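Engineer: So the protein lines, in turn, are chains R and Z. Heads up: the first sequence begins at 4 in this note's numbering, then just goes up one per residue. Heads up: the second sequence begins at 987 in this note's numbering, then just goes up one per residue.
If you're looking for bench data, these hints aren't it; they were derived computationally from the structure. In this text the structure is predicted, and so the values were computed from the model without any measurement. Treat each hint with caution, since some may be false.
What the hints assert, rightly or not - Label pairs and their computed distance ranges (CB to CB): (1) Pro274/R - Thr1127/Z: 44 to 54 Å; (2) Glu1071/Z - Pro220/R: 44 to 54 Å; (3) Asp1168/Z - Ala172/R: 21 to 31 Å; (4) Arg1121/Z - Ile251/R: 25 to 35 Å; (5) Glu38/R - Ala1174/Z: 37 to 47 Å; (6) Glu1086/Z - Thr175/R: 33 to 43 Å; (7) Ser269/R - Pro1149/Z: 23 to 33 Å; (8) Ser269/R - Gly1040/Z: 52 to 62 Å; (9) Arg1047/Z - His261/R: 32 to 42 Å; (10) Arg1013/Z - His261/R: 36 to 46 Å; (11) Glu38/R - Ser1166/Z: 27 to 37 Å.
Said to hold, decoys possible - Computed footprint of chain Z on chain R, listed as stretches where at least three residues anywhere in the stretch have a Cβ under 8 Å from a Cβ of chain Z: (12) 52-60; (13) 274-282; (14) 291-305.
To be verified - Over 12 Å on every C-beta distance to chain R, these chain Z residues come out as not near it, computed from the model: (15) Arg1015; (16) Trp1017; (17) Val1024; (18) Arg1029; (19) Asp1063; (20) Arg1067; (21) Thr1095; (22) Gly1112; (23) Ser1114; (24) Gln1116; (25) Arg1126; (26) Pro1130; (27) Gly1132; (28) Thr1158; (29) Arg1180.
By construction, the Cβ of each residue, glycine as well, lies at the ideal position given by its N, Cα and C atoms.
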Amino acid sequence: MTQASGGAGGPEAQPSGAGRASGGAGQAEASVRVERPGALTTVQDAGRPGLAHLGVPRSGALDPAARRLANRLAGNPADAPVLETTLTGVALRFLGAATAAVTGAVAPVRLDGEPVSRGEPVQVGAGQLLDVGRARDGVRSYVAVCGGFAVPQVLGSASTDLLSGLGPAPLTVGQLLAVGAVPGTAAAAPEPARPAPGPGSAAGGGSLGLYVPSAGPVELPIHPGPRHDRLTPAGRATLAGAEFTVAIASNRIALRLHGQGVEQASRGELPSEGIVWGAMQLLPDGNLVVFLADHPTTGGYPVIAVVDQAGGSACAQAAPGAAVRFRMIGGE
Amino acid sequence: MGPSAVLVELDDLDAVLALHAEIERRRARGWAPSLIDVIPAARTILLDGITDSGAIAAELRGWDVPPAAEPVGPVVDIPCRYDGEDLAAVAALWRVSEREAARRHASGTYRVAFCGFAPGFAYLTGLSEQLAVPRRPSPRTAVPAGSVGVAGTFTGIYPRPSPGGWQIIGRTDAVTWDASQDPPALLAPGTRVRFVDVDR
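Can you build the whole structure from these sequences, using the hints too?
Structural biologist: Structure representation (structure tokens):
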């Protein structure tokens, strides 16, 4: 053993499965029809922790704080499956009455055309249309419904993993989504309203997880990564001071950042090594990749920094074109 | 570094296998219960989901890790038909006939060093340095599930259809990945593997 160094870890501090509301096994009591699936809407819960040694990504909601808040507002355990939208929202026809909640990106929410608040419980009547519009700030909205969306689980999770293709396919128009049994038993008691550890629980606006846009550039707190010593002094200065731009190719796998190239002393690839949520790789062209929920379990480019979990919501909600700065915390 | 993960760097794959075995032994006895993922790789082990990375790092440095002993436990037999598209190229690199190349590959006992690339893709160690082969100059865009390949001193089985750059020497009907099973992967780190030539 030559060295051991730490890094900020996965977005979910709690084990999976605790208090999951619906697993497809529960009796469906209501359902929802997808009238408009939006650009990319998937079912997400807490993902598949504990399987990375088999090559299975963690996956799960990109903004766990927003997922937890949506579930609390809807009366669910924090890990219940919710919908995660991408930029253009989603429209859902409720075939039965239900309590719903929308969190995440700043976006207009309408019930049969009438504006309703995001970040509050919404009582939806049978036949009503809940429409989450295009994000005005941020990227991903989260829609929870009391009872949770009941889709078949794969490896203990309802999450769609876009890297490895595990879990249900993204939503399509006309699709019917079952809703699980309304929690009420002791086994499915709603999560108490406390901030749980994880990305976005302490930053990104709102300690309870309601995304609040930042006025200037998005500021991400970072720790030095295991390959931070590959940077030249100029490279360190660039990382600490320069502004980067979120690239259009960003997705659930990674936030891709372009900007003034970050200079490194050596460019060689490493033997592949394990990757955590928030790991920031420096590519040979000087651009940066910050790994998010659907990240590969191993990678070969140097990890020069790790985004702190407090930056989780900000990473999930950073839209293409947004400016990003880093703030180094923890000693070098 | 940060609060909840430690990347342990090691000298070589043997040291990875030894420490990984020690970590799993200790985890089975309740060590570091907050750990979520332990990811061995070629020269590193990542421990993700810890509460005090400094303390864990210090503790790991103090361990007296026994060398990677002969592994115990079951051996998984993989029936293999050696008719891969790259068998001739690999046999040429080894300077033997195709039948002899098949015999050599099927004569070893391998061990899963780590998984990665795709769910259930196991990097099997045990091929000697003399039998190391390069990857293909350019990867194939589609490699069928069950393809048996070699690259460097590793051999492996593609669990699902995917792109791939390894030299394909054969194929197997063994199912190495089934998400509906527990565990979903046939080959986990530490598992021993033999290839059985079905044409012999």
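Engineer: State for each hint whether it applies.
Structural biologist: Here's how the hints hold up against the structure:
1. In this structure the hint that Pro274/R and Thr1127/Z lie 44 to 54 Å apart at CB is violated, the actual value being about 25 Å.
2. Between Glu1071/Z and Pro220/R the beta carbon distance is about 51 Å. The supplied range of 44 to 54 Å therefore holds.
3. One distance hint, 21 to 31 Å for the beta-carbon pair Asp1168/Z and Ala172/R, holds here, with the actual separation near 23 Å.
4. Range check, Arg1121/Z to Ile251/R: Cβ separation about 31 Å, and the 25 to 35 Å hint holds.
5. Between Glu38/R and Ala1174/Z, the C-beta spacing of about 43 Å keeps the proposed range 37 to 47 Å intact.
6. Restraint check, Glu1086/Z to Thr175/R: a C-beta distance of roughly 53 Å breaks the suggested window 33 to 43 Å.
7. Take Ser269/R and Pro1149/Z: their Cβ atoms lie about 28 Å apart, and the range 23 to 33 Å holds.
8. Restraint check, Ser269/R to Gly1040/Z: a C-beta distance of roughly 27 Å breaks the suggested window 52 to 62 Å.
9. Hint check: Arg1047/Z to His261/R, Cβ distance near 39 Å, so the stated range 32 to 42 Å holds.
10. Roughly 41 Å separates the CB atoms of Arg1013/Z and His261/R, a value that falls within the hinted 36 to 46 Å.
11. At roughly 32 Å, the beta carbons of Glu38/R and Ser1166/Z sit within the given window of 27 to 37 Å.
12. For the region 52-60 of chain R, the stated coverage by chain Z is satisfied: 8 residues place a CB nearer than 8 Å to a CB of that chain, which reaches the threshold of 3.
13. For the region 274-282 of chain R, the stated coverage by chain Z holds: 6 residues have a C-beta nearer than 8 Å to a C-beta of that chain, and at least 3 were required.
14. For the region 291-305 of chain R, the assignment as covered by chain Z holds, since 3 residues bring a beta-carbon within under 8 Å of that chain's beta-carbons and 3 suffice.
15. Residue-level check passed: Arg1015/Z sits 18 Å from the nearest beta carbon of chain R, beyond 12 Å.
16. The claim that Trp1017/Z is not at the interface with chain R holds, since no C-beta of that chain comes within 12 Å of its own (minimum 15 Å).
17. For Val1024/Z, the shortest C-beta to C-beta distance to chain R comes to about 6 Å, within the 12 Å cut-off, and the non-interface label is violated.
18. Annotated as non-interface, Arg1029/Z brings its C-beta within 12 Å of a C-beta of chain R; the closest such distance is 5 Å.
19. Every beta carbon of chain R lies more than 12 Å from that of Asp1063/Z, the smallest distance being close to 20 Å; the non-interface claim holds.
20. The non-interface label for Arg1067/Z is consistent with chain R: the shortest C-beta to C-beta separation is roughly 25 Å, beyond 12 Å.
21. The beta carbon of Thr1095/Z sits about 21 Å from the closest Cβ of chain R, which is more than 12 Å, so the claim that it is off the interface holds.
22. Listed as outside the interface, Gly1112/Z is consistent with that label: its C-beta sits roughly 17 Å from the nearest C-beta of chain R, beyond the 12 Å cut-off.
23. Distance to chain R confirms Ser1114/Z as a non-interface residue, since its nearest Cβ pair spans about 19 Å, more than 12 Å.
24. With 12 Å as the threshold on Cβ separation, the claim that Gln1116/Z sits away from chain R holds: the shortest Cβ distance comes to roughly 21 Å.
25. Against chain R, the non-interface label of Arg1126/Z holds: every CB pair exceeds 12 Å, the least being about 19 Å.
26. Non-interface status of Pro1130/Z relative to chain R is upheld: no Cβ of that chain comes within 12 Å, the nearest being about 16 Å off.
27. With a minimum CB-CB distance of about 17 Å to chain R, Gly1132/Z clears the 12 Å threshold, and the non-interface call stands.
28. No beta-carbon of chain R comes within 12 Å of the beta-carbon of Thr1158/Z; the shortest separation is about 18 Å.
29. With 12 Å as the threshold on Cβ separation, the claim that Arg1180/Z sits away from chain R holds: the shortest Cβ distance comes to roughly 21 Å.
Of the numbered hints given earlier, the model fails hints 1, 6, 8, 17, 18; all others are met.
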